[in-house]
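There are 2 protein chains.
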Amino acid sequence: MMSSKNQQEMVSAFAPASVANVGCGFDVLGFAINGPGDEVWASRAETPEVQIRAIYGDQGALPLDADKNTAGVAVRAMMRALDKQDEPGIHLKIYKKMPLGSGLGSSAASSVAAVVAVNRLFGDPFTKNELLPFATEGELVASGTAHADNAAASLFGGFVLIRSTNPLDVISLPAPEKLHCVVIHPHVEIRTEDTRKILRKQIPLAKAVTQWGNVGALVAGLMKSDYDLIARAMHDEIIEPIRSVLIPGYDSIKKAALQSGALGCSISGSGPSIFALVTSKEQAKETGRKMQAVLNDMALESSLYISKINRRGAEIVNKTDNA
Amino acid sequence: MMSSKNQQEMVSAFAPASVANVGCGFDVLGFAINGPGDEVWASRAETPEVQIRAIYGDQGALPLDADKNTAGVAVRAMMRALDKQDEPGIHLKIYKKMPLGSGLGSSAASSVAAVVAVNRLFGDPFTKNELLPFATEGELVASGTAHADNAAASLFGGFVLIRSTNPLDVISLPAPEKLHCVVIHPHVEIRTEDTRKILRKQIPLAKAVTQWGNVGALVAGLMKSDYDLIARAMHDEIIEPIRSVLIPGYDSIKKAALQSGALGCSISGSGPSIFALVTSKEQAKETGRKMQAVLNDMALESSLYISKINRRGAEIVNKTDNA
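Residue numbers (the working numbering), protein chains in the order written: chain Z, 19 to 341; chain V, 19 to 341.
Since the hints were made in silico from the structure, they are not lab data. Remember, predicted model here, so these are calculated numbers, not experimental data. Positions of the beta carbon are idealized from the N, C-alpha and C atoms, including for glycine. Check each hint, because a few of them may be wrong.
If you want a taste of the chain V side facing chain Z, the calculated C-beta under 7 Å gives, among others [stated by the list, open to error]:
1) Val46
2) Tyr113
3) Ile221
4) Val227
5) Gly231
6) Gly234
7) Ala238
8) Ala249
9) Ile324
The list that follows gives simulated cross-link-like pairs (lysine-lysine, PhoX-like), each with its CA atoms no further than 20 Å apart [claimed, not checked]:
10) Lys225(Z) <-> Lys225(V)
11) Lys273(V) <-> Lys303(V)
12) Lys196(Z) <-> Lys242(Z)
13) Lys86(V) <-> Lys111(V)
14) Lys242(Z) <-> Lys242(V)
15) Lys225(V) <-> Lys215(Z)
16) Lys219(Z) <-> Lys219(V)
17) Lys225(V) <-> Lys219(Z)
18) Lys303(Z) <-> Lys326(Z)
19) Lys225(Z) <-> Lys219(V)
20) Lys225(Z) <-> Lys215(V)
21) Lys242(V) <-> Lys326(V)
22) Lys326(V) <-> Lys299(V)
In isolation and in its complexed conformation, chain Z is listed as follows:
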């Protein structure tokens, strides 16, 4: 289906927030959640250039320069792949509907929503699979590494496993029906770059073996909808002990989550958000209350998100004019 060439056409896409790492799966596992996310409006422009015309909801924190903004970088990578002689004129407006720097894949949501919107604007020349590398290129400018766990989760929805980033090889995993997610975002700031710098470059082989046993088991648990196995596998010996020290009250929050009946609890991405997986909405509310109470006791503000696993991923939410 080819799009109209009408310059007034405007397409909007929403890309959901996502939880990367999922405990044991540092840099290889992620899933999408319902609720928070980014919306990007894209339209054709006369002047041949990708321009970010406005960003709402970021309190001025994000760059409008398309070469420095994750959405701009992603769309420019996409335009290069379209192999047009001149870069087409594209205007983007980004509506942040989720917190920045929260560990919920904010930059990935911008990149993903942008490439999905622009793709539709051009008549969907790329499949979702083909869009992922562009979105991942956006991640490079945002966090310094081209990890694809947030972007793939936000794009495809459900659970994703990144087998390899070069070449990019993403495997979609089923989201068990009863699975619900609790995410608590303590209103403290930690820099993604710092959270990566403090990791050790060398790790003990014995711990790595434990970790890949758990990653394999978590994949099996998701595929079998075996909630007990998911619970046993959500154990991270390598990243969590190091990164969790940056998150105030982490150990107490995790303890509260597990005591309340959560299958598992760990850092969302590089934090400071913390997520827990549970098997019902009621359990999610109860676990969320218990987690938030710990932060309340520390007089720390926080936001709580409760949802099922988002299975749809990024999608077109509105299209005006000749759509």
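With chain Z's structure known, arrange chain V on it following the hints.
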């Protein structure tokens, strides 16, 4: 079902050979093959003691002392768990029907066949799950570590994932229908202990991430019967580069296997056997010929095994008298 107390009763069990590690899954993945394996005959004896009365097919290499023999250690561990006041009198005869020190789980096959036979002798007081820790204790004396990948594969059949060794947590994974295995055993000797000593105790985090991405993908590939994914995931960045130098002609053999159409090829356990996974019996024969030709060119003798994945695991093969 209680067994007869008749002292003449004799039970025989067969436990298949197995391929541990399966490329990326060092110490956590294994599968059983058809053909080679160990048979253990067990009978009650008047004198209260576990005794290994004979070992056939080992050219005198294995100890008859029950405390030094993997089968003896496993059965004694099992007897302690039965919580009898005195150790019952048990006589074992071990028939090695597979090569020793080949990387095909010879010691595990002895342990597993022994505990399965003795379990039946006592009226099956233990489930297969409950037998595994005893068999694994046998591994400790044979190789110095209580890794359970060979023992679990030999006991349960099919593919197994060892999520944890302490506590022991084994997940059975399906064996895709078309999957066939080629194993070539070059007649050279390498000591399991040496193959473990040469591994680095610290590994780069980046390689570990690649490895756990592949382990997750291999689990997903097996569960989906996705042969392409199995092929992509059978990639080991950590162990194979180090251990393969101990195996003459390894790189050429692997290259021959992959060029002939194998999904993947790697070291079986700690070697020197090399295995390849393929999707048909004809392909298995062709791949086996190509792999063996490399060793022939080096004037090295070898044994070739071709089979489907063994899905039955250890089983009772004969039972005399009051059975």
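Consistency of the hints with the structure:
Look at Val46(V): its Cβ gets to within about 4 Å of chain Z, closer than 7 Å, so that hint holds up. Of the supplied interface hints, the one on Tyr113(V) is violated, with its beta-carbon coming no nearer than about 33 Å to a beta-carbon of chain Z, more than 7 Å. Here the hint on Ile221(V) is kept, as its CB sits about 5 Å from the closest CB of chain Z, short of 7 Å. A cut of 7 Å between beta carbons decides the hint on Val227(V): the least distance to chain Z is about 5 Å, and the hint holds.
The interface hint given for Gly231(V) is met, as the beta carbon of that residue sits about 4 Å from the closest beta carbon of chain Z, less than 7 Å. Proximity of Gly234(V) to chain Z holds as hinted, the smallest CB-CB distance being about 4 Å (cut-off 7 Å). Because the beta carbon of Ala238(V) sits about 5 Å from the nearest beta carbon in chain Z, less than 7 Å, this interface hint is met. A hinted interface residue such as Ala249(V) counts as satisfied when its beta carbon comes closer than 7 Å to some beta carbon of chain Z; here the least separation is about 11 Å, so the hint is violated.
Residue-level restraint check for Ile324(V) is violated (minimum Cβ-Cβ distance to chain Z is 27 Å; threshold 7 Å). This hinted pair checks out: Lys225(Z) and Lys225(V) have alpha carbons roughly 13 Å apart, not beyond 20 Å. Restraint check for Lys273(V) and Lys303(V): the C-alpha separation of about 16 Å stays at or below 20 Å, so the hint holds. Only pairs whose Cα atoms come within 20 Å are accepted, and Lys196(Z) paired with Lys242(Z) is accepted, the gap being roughly 12 Å.
The hinted pair formed by Lys86(V) and Lys111(V) meets the criterion: a straight-line CA distance of about 15 Å does not exceed 20 Å. Distance check on the hinted pair: Lys242(Z) and Lys242(V) sit about 11 Å apart at the alpha-carbon level, within 20 Å; holds. For the hint pairing Lys225(V) with Lys215(Z), the CA-to-CA distance comes to about 17 Å; that is within 20 Å, so the pair holds. For the hint pairing Lys219(Z) with Lys219(V), the CA-to-CA distance comes to about 13 Å; that is within 20 Å, so the pair holds.
The straight-line distance between the Cα atoms of Lys225(V) and Lys219(Z) is roughly 10 Å, inside the 20 Å bound, and the hint therefore holds. Annotation: proposed proximity of Lys303(Z) to Lys326(Z) holds, straight-line Cα distance about 12 Å (limit 20 Å). Among the hinted pairs, Lys225(Z) with Lys219(V) is consistent with the structure: their alpha-carbon atoms are about 10 Å apart, no more than 20 Å. Proposed proximity of Lys225(Z) and Lys215(V) is supported: the alpha carbons are some 17 Å apart, at most 20 Å.
Restraint check for Lys242(V) and Lys326(V): satisfied, since their Cα atoms lie roughly 18 Å apart, inside the 20 Å limit. For the hint pairing Lys326(V) with Lys299(V), the CA-to-CA distance comes to about 8 Å; that is within 20 Å, so the pair holds.
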